[in-house]
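Just so you know, the sequences run in chain order A and B. Residues 1 to 303 (the numbering used here) are what the first sequence spells out, left to right. Residues 304 to 564 (the numbering used here) are what the second sequence spells out, left to right.
Since the hints were made in silico from the structure, they are not lab data. We treat Cβ as the ideally placed atom computed from N, Cα and C, and that holds for glycine. It is possible that some hints are incorrect.
[Said to hold, decoys possible] In silico DSS-like cross-links for lysine-lysine, where the CA-CA straight-line distance does not exceed 30 Å:
no.: 1; chain 1: A; residue 1: LYS179; chain 2: B; residue 2: LYS399
no.: 2; chain 1: A; residue 1: LYS77; chain 2: A; residue 2: LYS107
no.: 3; chain 1: B; residue 1: LYS330; chain 2: A; residue 2: LYS107
no.: 4; chain 1: A; residue 1: LYS112; chain 2: B; residue 2: LYS564
no.: 5; chain 1: A; residue 1: LYS107; chain 2: B; residue 2: LYS329
[Said to hold, decoys possible] Facing chain A, from chain B, some residues (calculated, C-beta under 7 Å):
no.: 6; residue: LEU315
no.: 7; residue: PRO319
no.: 8; residue: ARG323
no.: 9; residue: GLU402
no.: 10; residue: ILE404
no.: 11; residue: THR407
no.: 12; residue: PRO408
no.: 13; residue: LEU409
no.: 14; residue: ALA487
Below, each chain spelled out in residue letters.
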Amino acid sequence: MSVVAAQGLRKTYGPHTVVDGLDLTLAAGTCHGLLGPNGAGKTTTLKMLLGLIAPEAGDIRVLDLPVPSLARQARLKVGVVPQMDNLDPDFTVAENLLAYGRYFGFKDSEIKQRIPALLEFAGLASRADTRIQTLSGGMKRRLTLARALINDPDVIFLDEPTTGLDPQARHVIWQGLRKLLSQGKTILLTTHFMDEAERLCDELTVIDHGRCIARGSPRELIATLIESDVLEIYGEGASDWAHGYAARLCDRHEQAGESLFCYTRNPAPALDALKAQSALRYLHRPANLEDVFLKLTGRDLRD
Amino acid sequence: MAHLFQFPRFSLRFIPVWRRNFLVWKKLAIPSMLGNLADPMFYMIGLGFGLGSLLPDVDGMSYLTFLGAGTVAYSTMNSATFETLYSGFSRMHVQKTWEAILNTPLELDDVLVGEWLWAASKSVLSGFAILAVIWALGLQADWLLTLWIIPLAFVIGLCFSGMGLVMTSVSPNYDFFLYYFTLAITPMVLLCGVFYPVSQLPPLLQTISAWLPLSHAVELARPIIRGDIPANWAFHIFSLLAWGFAGFWLALGLTRRRLLK
Chain A
1 MSVVAAQGLR
11 KTYGPHTVVD
21 GLDLTLAAGT
31 CHGLLGPNGA
41 GKTTTLKMLL
51 GLIAPEAGDI
61 RVLDLPVPSL
71 ARQARLKVGV
81 VPQMDNLDPD
91 FTVAENLLAY
101 GRYFGFKDSE
111 IKQRIPALLE
121 FAGLASRADT
131 RIQTLSGGMK
141 RRLTLARALI
151 NDPDVIFLDE
161 PTTGLDPQAR
171 HVIWQGLRKL
181 LSQGKTILLT
191 THFMDEAERL
201 CDELTVIDHG
211 RCIARGSPRE
221 LIATLIESDV
231 LEIYGEGASD
241 WAHGYAARLC
251 DRHEQAGESL
261 FCYTRNPAPA
271 LDALKAQSAL
281 RYLHRPANLE
291 DVFLKLTGRD
301 LRD
Chain B
304 MAHLFQFPRF
314 SLRFIPVWRR
324 NFLVWKKLAI
334 PSMLGNLADP
344 MFYMIGLGFG
354 LGSLLPDVDG
364 MSYLTFLGAG
374 TVAYSTMNSA
384 TFETLYSGFS
394 RMHVQKTWEA
404 ILNTPLELDD
414 VLVGEWLWAA
424 SKSVLSGFAI
434 LAVIWALGLQ
444 ADWLLTLWII
454 PLAFVIGLCF
464 SGMGLVMTSV
474 SPNYDFFLYY
484 FTLAITPMVL
494 LCGVFYPVSQ
504 LPPLLQTISA
514 WLPLSHAVEL
524 ARPIIRGDIP
534 ANWAFHIFSL
544 LAWGFAGFWL
554 ALGLTRRRLL
564 K
């Protein structure tokens with residue numbers, strides 16, 4: 001059974017088509033990543049799946065319920081971690097969970113029973129009575145994640161869950177998400193951190209301009225959409241090297257400022273040529289998801 | 304556009320939204336009460352005694368009593384207005400509390416009903432505080448009759464919180480609310496018979512005054528304090544509720560456009 005099944009989603013704002021015929025299917029118990037540059041339609045898609053925005057065309061089913069017509073019932077079993085923290089700043093940690101649980105129609109006694117386990121999960125067990133303003137960014141995110149679990153959801157939507165966090169805090173969030181996956185929860189995650197997507201996701205949908213431009217597991221996308229090796233060459237000599245060598249020795253190259261990115265399936269000849277020119281600083285590494293993403297969506301800024 | 308302004312869906316699901324605001328209020332009760340209640344009380348007592356000592360009876364009562372009744376209407380209006388404008392805007396736009404709630408099984412209709420009734424509840428508190436001062440000073444003619452001030456405060460609260468939510472739904476920032484105070488609230492305070500009888504105004508201003516919602520509130524509150532059943536009370540209550548409901552409905556549509564598109 002698919003936990004989320006959306007076909008042909010479309011949404012326009014005036015002349016702008018934000019989501020343009022998007023299909024999305026989430027298999028139960030998997031982590032699905034929705035990748036795309038800013039403005040690609042990720043958040044709009046999530047809002048449509050939640051029934052907060054009505055699509056102009058397309059069908060959505062979440063947990064076998066039609067959305068938006070039965071979105072309220074669907075949201076009973078969905079957890080949401082929004083992009084921006086919207087915890088209640090006047091409340092303590094525990095009060096945030098209490099107030100949020102009430103929106104689901106739970107009795108106070110039921111919610112209070114759940115709070116200790118949720119705080120434990122979020123690593124905030126000793127902070128139940130702490131005011132929100134005194135929490136760090138990472139703690140707030142963990143609390144937001146715990147809040148999304150108050151209704152024991154079957155599927156959790158996370159909109160850029162680790163944006164703005166330090167590496168320690170990101171790793172803690174990832175551990176939490178893995179724990180949820182091991183409990184059989186389904187996760188839909190939007191992100192533009194490729195390492196995050198590569199680490200967590202079983203399946204990825206890359207979207208740009210509201211359209212799906214690639215789909216598959218991180219490994220599949222890297223194996224099929226990009227050359228195996230990347231050489232990054234930095235400094236003033238990089239552009240000369242591009243004309244002299246990269247064009248001849250590599251499958252493909254891209255210049256971004258003073259950096260040169262060379263993509264190749266056979267790095268040995270290029271590496272030999274680089275070693276001969278000791279003045280050039282370079283890095284040789286296997287291709288990763290970020291290379292795929294940049295290849296698919298380009299290097300232009302999306303502001 | 305049609306569905307943006309479809310009829311509000313009323314349900315008891317608003318209760319957790321109301322309780323959320325109540326929980327915040329409980330934590331900040333003392334500064335909040337001071338802000339909402341002390342100000343109108345100082346006006347009433349200061350002007351009532353100070354100015355009142357220079358004046359003969361006004362409309363058959365002491366100026367302090369006259370002003371006390373006006374203050375009931377004025378402070379309940381202010382209470383609902385401040386709550387929906389500044390606090391409501393904080394919850395909607397700054398803290399994104401409404402967006403957090405919309406991710407749960409509640410709908411925007413539930414959120415706005417909760418806000419509407421919450422602001423009206425705060426009006427009851429303001430109205431009751433002024434009523435307590437009126438009792439303490441012995442200004443009322445018929446103690447039992449003055450208990451009607453409490454439900455009346457709720458109705459006045461519904462009127463002005465419904466209207467206030469319209470401002471909140473279209474406001475880009477806090478400064479925007481100054482227009483509403485300057486162009487709507489202040490003229491009402493000065494034209495609707497809070498400080499002096501409307502009959503003292505030139506005819507044109509009297510006509511304008513009769514159309515403003517605060518007039519209905521004053522027309523109800525003053526007789527109740529004086530010990531009479533208000534003339535045309537059903538019309539005044541209907542008018543207050545009509546303003547409030549029209550405002551609420553419009554605000555709901557505008558907020559749907561703002562948050563759900």
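Going down the list of hints, with the structure as the test:
This hinted pair checks out: A/LYS179 and B/LYS399 have alpha carbons roughly 28 Å apart, not beyond 30 Å. Taking the CA atoms of A/LYS77 and A/LYS107, the gap is about 17 Å. The hint holds against a cut of 30 Å. Between B/LYS330 and A/LYS107 the alpha-carbon distance is near 21 Å, which keeps this suggested pair within the 30 Å criterion. For a cut-off of 30 Å, the pair hint linking A/LYS112 to B/LYS564 is broken: about 35 Å separates their Cα positions.
A C-alpha spacing of about 20 Å is found between A/LYS107 and B/LYS329, which places the hinted pair at or below 30 Å, so the restraint holds. Because the smallest distance between the Cβ of B/LEU315 and any Cβ of chain A comes to about 10 Å, over 7 Å, the interface hint for this residue is violated. Here the hint on B/PRO319 is kept, as its CB sits about 4 Å from the closest CB of chain A, short of 7 Å. Hint on B/ARG323 holds. Least Cβ distance to chain A is approximately 5 Å, under the 7 Å limit.
Using the Cβ-Cβ criterion of 7 Å, the hint placing B/GLU402 at the interface with chain A is satisfied: the shortest such distance is roughly 6 Å. With a least beta-carbon distance of about 6 Å to chain A, the hint placing B/ILE404 at the interface is held under the 7 Å criterion. Taken as an interface hint, B/THR407 checks out: its beta carbon lies about 4 Å from the nearest beta carbon of chain A, inside 7 Å. Hint status for B/PRO408: holds, given a least beta-carbon distance of 5 Å to chain A, under 7 Å.
For B/LEU409, the interface hint holds, the least distance from its beta-carbon to any beta-carbon of chain A being 5 Å, beneath 7 Å. Annotation: interface hint on B/ALA487 violated; nearest CB of chain A at approximately 29 Å, more than 7 Å.
Violated hints, listed in ascending order, are 4, 6, 14; each of the other numbered hints is respected by the structure.
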